[in-house]
Amino acid sequence: GENVEQHPSTLSVQEGDSAVIKCTYSDSASNYFPWYKQELGKRPQLIIDIRSNVGEKKDQRIAVTLNKTAKHFSLHITETQPEDSAVYFCAAIGGNQFYFGTGTSLTVIP
Amino acid sequence: DAGITQSPRYKITETGRQVTLMCHQTWSHSYMFWYRQDLGHGLRLIYYSAAADITDKGEVSDGYVVSRSKTENFPLTLESATRSQTSVYFCASSRQGNSPLHFGNGTRLTVT
Chain A
1 GENVEQHPST LSVQEGDSAV IKCTYSDSAS NYFPWYKQEL GKRPQLIIDI
51 RSNVGEKKDQ RIAVTLNKTA KHFSLHITET QPEDSAVYFC AAIGGNQFYF
101 GTGTSLTVIP
Chain B
1001 DAGITQSPRY KITETGRQVT LMCHQTWSHS YMFWYRQDLG HGLRLIYYSA
1051 AADITDKGEV SDGYVVSRSK TENFPLTLES ATRSQTSVYF CASSRQGNSP
1101 LHFGNGTRLT VT
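Residue numbers (this note's numbering), protein chains in the order written: chain A, 1 to 110; chain B, 1001 to 1112.
Don't take each hint at face value.
Taking lysine to aspartate or glutamate pairs in the DMTMM-like style, the calculated list, with each CA pair at most 25 Å apart, reads [as the list claims (entries may be wrong)]:
| hint | chain 1 | residue 1 | chain 2 | residue 2 |
| --- | --- | --- | --- | --- |
| 1 | A | 42 | B | 1072 |
| 2 | B | 1011 | A | 39 |
| 3 | B | 1057 | A | 2 |
| 4 | A | 71 | B | 1059 |
| 5 | B | 1057 | A | 5 |
| 6 | A | 37 | B | 1059 |
| 7 | A | 42 | B | 1053 |
| 8 | A | 22 | B | 1059 |
| 9 | A | 42 | B | 1038 |
Hints listed in this document are in silico derivations from the structure and should not be mistaken for laboratory results.
Bear in mind the structure is a predicted one, so any value in this text is a computation, not a measurement.
Can you make the complete structure from the sequences, with help from the hints?
The structure is reproduced here in structure tokens:
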């Protein structure tokens, strides 16, 4: 099956700075890569996703990049705000199953 | 998203008891999933279903049973609960196999 690794496990940034979270995957057949945000005590919610035929996708302050050759994809958050503090999960699809990374706890310091 | 609901939100049970967690979705999504979330492990797949009467094991299926007689329901049963099954359980659904997952609010299960 697919193996997704996510780094770093924790990340602290000053408000207004950028945050980058990186994930690698193992199955070259994987073709869908979503990112989820989970606030404390709540359910994971999709914030952005990318498919293997696209190299980059942006949505306001959030962007995701995909390097199929290297099998890695990254989440970029610019101009971070305190409400961005949460746990972020990457995922990759292999054989109709979603494989999740172990999460990154992001803290934005006001 | 009110379209997928889990019950109960909290459950305390004793070791050895059978417990069933319920999941109901109103979108007519083909795929449904059960995950457990534990600190340091992220979200791990227990079982998934591609359609009614079709289920498949995930990476941590031992000790769990699922059924899907109707498209909208996907109950998860712990046949004989163990303390290691103390966790937060999330049900999720998606329209297709590679479509976004929509999660329920989760069930926090404690096995004493």
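Structure-based check of each hint:
Between residue 42 of chain A and residue 1072 of chain B the CA atoms are separated by roughly 22 Å; this keeps the pair inside 25 Å, and the hint holds. A distance of roughly 21 Å separates the Cα atoms of residue 1011 of chain B and residue 39 of chain A; the hinted pair therefore holds under the 25 Å criterion. Of the supplied pair hints, the one linking residue 1057 of chain B and residue 2 of chain A holds, its CA atoms being roughly 14 Å apart against a limit of 25 Å. Using a Cα cut-off of 25 Å, the hinted pair residue 71 of chain A and residue 1059 of chain B holds, with the two alpha carbons roughly 22 Å apart.
For the suggested pair residue 1057 of chain B and residue 5 of chain A, the alpha carbons sit about 22 Å apart, so the restraint of at most 25 Å is met. Using a Cα cut-off of 25 Å, the hinted pair residue 37 of chain A and residue 1059 of chain B holds, with the two alpha carbons roughly 22 Å apart. For the suggested pair residue 42 of chain A and residue 1053 of chain B, the alpha carbons sit about 30 Å apart, so the restraint of at most 25 Å is broken. Distance hint between residue 22 of chain A and residue 1059 of chain B is fulfilled; the C-alpha atoms sit about 23 Å from each other, no more than 25 Å.
Between residue 42 of chain A and residue 1038 of chain B, the direct Cα distance comes to roughly 14 Å. Compliance with the 25 Å bound is thereby established for this hinted pair.
Hint compliance for this structure: hint 7 alone is broken.
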